[in-house]
Amino acid sequence: MTLRAAAVLLGILLWAAPSRAEPLVIRLGYPGIGIDNRQFAGGSIVATAHSTHAVEQEFANEPDIKVEWTFFRGAGPALNESLAAGHLDFAAGLGDLPAIVGRANGLKTKWLLTDTVRVTIYLAVRPDSGIKRIEDLAGHKLSQFKGTNLQLAADRVLAAHGLSEKNARFVNLDFANAIAALSSGDVDGSFGSVELFSLQKRGVVSIVYGTKGDDPTFGRNSAVYVTEAFEQAHPDIVQRVVNAFVRAARYTADEKNRDAVFELWSKTGIPADSYREDFANETLANRLDPLIDEYVVARYKDQAQRVRDYGLLRKDVDVDGWADRRYLDKALADQHLEHFWSTYDAAGKKLTSGEVEATGTVTH
Amino acid sequence: MKRFSPLLVPLGALAIWEAVSRLSRVSHELLPPPEKVAFRLWDGFAHGGMTGDLAASLLRELSGFVIGATGGVALGLLLGLSRPANRLLGPLFLGYRQVALFAWVPLLSMWFGGGEQGKVAFIALAAMAPAAVNTWRGTSTLPHSYIELSRVLMFRPLDYVRFVALPGALPAILTGLRSSLIAAWLATVGAELFLDVAPGLGGRMNEGRETFQMDLVLASVVLLGLLGLTFSRLAVAAEKSLLKRRAA
Amino acid sequence: MKIRQAGSRVVAGIAVPLLLLGAWSLTAREGWLPDQILPAPGVVMATLKEFIASGELQDATLISLERVAKGFAVGAVAGLIFGAAIGLSPRLNRLFGPTFLGLAQVPLLAWMPVMILLVGIDEALKVILIGIATFIPVVLNVAQGFRDVPPALREVGAVLLFDPWSMLMQIVLPAAVPSVFTGLREGLANAWQTVIAVELFASSEGLGYLMSWGRQLFQLDLVLAVVVVLAVIGFALNWGLARIEGRLGRWQLRPA
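Residue numbers (our numbering), protein chains in the order written: chain A, 2 to 365; chain B, 8 to 255; chain C, 360 to 615.
Take the hints with a grain of salt, since some may be wrong.
[What the hints assert, rightly or not] Per the computed footprint, the stretches of chain A lying under chain C, defined by three or more beta-carbons under 8 Å from a beta-carbon of chain C, are: (1) 90-104; (2) 144-157; (3) 192-203.
[Unchecked claim] Below, in silico cross-link-like pairs of lysine to aspartate or glutamate (EDC-like), each with a Cα-Cα straight-line distance of 16 Å or less: (4) A:LYS111 <-> A:GLU339; (5) A:LYS302 <-> A:ASP321; (6) A:LYS142 <-> C:ASP418; (7) A:LYS147 <-> C:ASP507; (8) B:LYS247 <-> C:GLU482.
[Stated by the list, open to error] Far from chain C, some chain A residues (derived; all Cβ distances over 10 Å): (9) ALA86; (10) GLY107; (11) ASN168; (12) SER184; (13) ASP187; (14) ILE208; (15) GLY214; (16) SER343.
Hint data in this document are derived by calculation from the structure and do not stem from the laboratory.
Backbone N, C-alpha and C fix where the C-beta goes; we use that ideal spot for every residue, glycine too.
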């Protein structure tokens, strides 16, 4: 009897086996590249997860599951196209604007966890230009790369400081040409992020303003998304991927690992010192926060509205129905991290303090 | 002395560049002196993996060129020799020619992916147009007497193409191929800019642009120019030997 | 008879594009390609109408056309002169040819920082870059045209004891006309492509800017709408050049 049962079982297994032996490839996409074509990212949870192979390690014991990262030179737009074509399962670290634009245009994704919040943007000017504060830009020329989330973030900052089309001229240039134009004196100011610091070190630019310390709703955000198709087909895999990201988040938000994290990110080609300056007077956890709390939801709603007002979108975006917190909540619970991160309200004021603050205070 | 006259202009330019660098107040960040660029080139090969970039770009370019140029010449022959093809496809091709390649990137990356295949496809598209246009021109302006003669001699169409049309249009085809080679080289850099990240000279140049390392940009540019020039010279030499046989 | 001939030509010309349009419609309807990548023709048409209604398309077209006109003029004239020079004089060819060829292989993007330094970021930058893009194919084709005059024609000139000037005006120039026009047409196509590229990186207006805007905002219907406009205008310009060439062709020489 048992022999027959065993034979039947074996038969079933053998019959079912071929379909399970086909390797599943988990395809993750990151919108951007490091310097020098390096396939690395920096400054975010996703960056840490990728560099420490967190996702690969989660599936290390499964020969049928492979993990594949693609770094998109065309950033957000190229990643969206890949999502539309069905070539990607996860969009890791996608910025707010391209994510909103993608959703408005019918891309079906679920917001799993946040990648970065409150990312500072800086204003760079020529060292000898005499511009010391952002308000000094009045009457000058500014470069912007239209249609990027940097431009939207910068416009908010400028508006808040009294600058607009009426008292400053805007020129559309991409980042590389913007710096060249800044150097040659054709524009007087340009916005950017961490990559500006090594330029400042070389004396090419001076950074005269940063959103850090200004209105807490300034700054950029990014998140991790999964396609609805993949999520419906493989919820267990999605959970494990989220687990891996949360583990990486725990590591990267811990102040004790501060220097190690900067060193890790320098694989992009941006020096660790630049990241150090970027995070000056700021805890890692302030930016590297996977929670989908009131603050970040409000930011995305705000951005979606702004994008409509700008005329960049003709349709509305439903931000509320976008997030699927189940996976994140389970990962946090399993890893005992429910109270690790602080939470903030829509205006950026702290609601609850997280355990992460015990890992260290702000250092320089 | 004659042999070296091609070097006069570049050397002159180099001298002016050096002078501007030394004498004007232009920042060295924006316009690095020649020595810095030369050093960067050397450094790139010695430590920076530039050989790998070079090889990758070359491979892409040659693959794309071969595919695109072959397709282009074939298309050009069709358009030049076949009245119906000319009428049906001519206007479409001319319209297509006017559209920037950039517009095809989303479709290309959809069909071929953003990796090597997509890049080669992009380069092939770029190489196709000049080859097609020149071949079309060359075959459509063949003297009427050729056609009449071949009719008298009762050539089959294929023989006509092989023995009359191709040799007659050869100079135009070869010009087309030379333009095609240049287009392929330029498109290689474009492909490396618009599609996924991978080793390549174009990617190097972009890295220089984005980190504002003008010495790297100029070093890549010099390398791109020299390589392209070498190819073109080789092509001219090949062309000369081919034409010698034709005249004979 | 002529009208029928012309009519049948037009029909033949639009047959294949119509076929493609049909295939496009079908693809969109069946959903073979996601509609973010290939929007349906109807959507593209609607976007076109929208942008024409708002006037944005006309403005963008005029701006791009103006840039192309200026850049093409500059590049074509310079190219004709330079191409003729190196085509006619082996010495000049030896002096300048290699340098020209080397510089021709330098991509537009590499020129930008240098040009920004020299001429700033305004119109001059775009016109010069378009000029460079026009210059290269014009020179290549014109030089070849002047260099490769069929030996039979040269013999005719020799037999008729032409002096160098008559040789040039009566034999070489007319024989070079096809190549000159190929060069001009290639130059025009290049100019159009370049204005798009330049507007991608360094401008806030124009058709290229609209296209880049469309891609940035994942509105590929806008990208395709611009593509349609580009194809139509480019085709029209090309046709115009061809007509001019046809007129000049009456004086063209061909070996019998």
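Here is how each hint holds up against the structure:
Using a Cβ-Cβ cut-off of 8 Å, 3 residues of the segment 90-104 of chain A lie near chain C, which meets the minimum of three, so the contact claim holds. Remark: the segment 144-157 of chain A is confirmed as covered by chain C, as 3 of its residues place a Cβ nearer than 8 Å to a Cβ of that chain, reaching the required three. Counting residues of the segment 192-203 of chain A whose C-beta sits closer than 8 Å to any C-beta of chain C gives 0, which falls short of three, so the coverage hint is violated. Proximity of LYS111 (chain A) to GLU339 (chain A) is assessed by CA-CA distance (about 21 Å); at most 16 Å being required, the pair is judged violated.
Taken as a hint, the LYS302 (chain A) and ASP321 (chain A) pair is honoured in the structure, with Cα atoms around 8 Å apart against an allowance of 16 Å. Restraint check for LYS142 (chain A) and ASP418 (chain C): the C-alpha separation of about 23 Å exceeds 16 Å, so the hint is violated. Of the supplied pair hints, the one linking LYS147 (chain A) and ASP507 (chain C) is violated, its CA atoms being roughly 49 Å apart against a limit of 16 Å. The hinted pair formed by LYS247 (chain B) and GLU482 (chain C) fails the criterion: a straight-line CA distance of about 42 Å is larger than 16 Å.
Its beta-carbon lying about 6 Å from the closest one in chain C, ALA86 (chain A) breaks the requirement of being farther than 10 Å from that chain. Its beta-carbon lying about 6 Å from the closest one in chain C, GLY107 (chain A) breaks the requirement of being farther than 10 Å from that chain. Every CB of chain C lies more than 10 Å from the CB of ASN168 (chain A), the least distance being 18 Å, so the non-interface label holds. At roughly 8 Å from the closest C-beta of chain C, the C-beta of SER184 (chain A) falls inside 10 Å, breaking its exclusion from the interface.
Not every Cβ of chain C is farther than 10 Å from the Cβ of ASP187 (chain A); the closest lies at roughly 5 Å, contradicting the non-interface assignment. Distance check for ILE208 (chain A) against chain C: the nearest CB is about 21 Å away, which clears 10 Å, and the non-interface claim stands. Non-interface call for GLY214 (chain A) relative to chain C: holds, since the shortest CB-CB distance, roughly 30 Å, exceeds 10 Å. Every beta carbon of chain C lies more than 10 Å from that of SER343 (chain A), the smallest distance being close to 34 Å; the non-interface claim holds.
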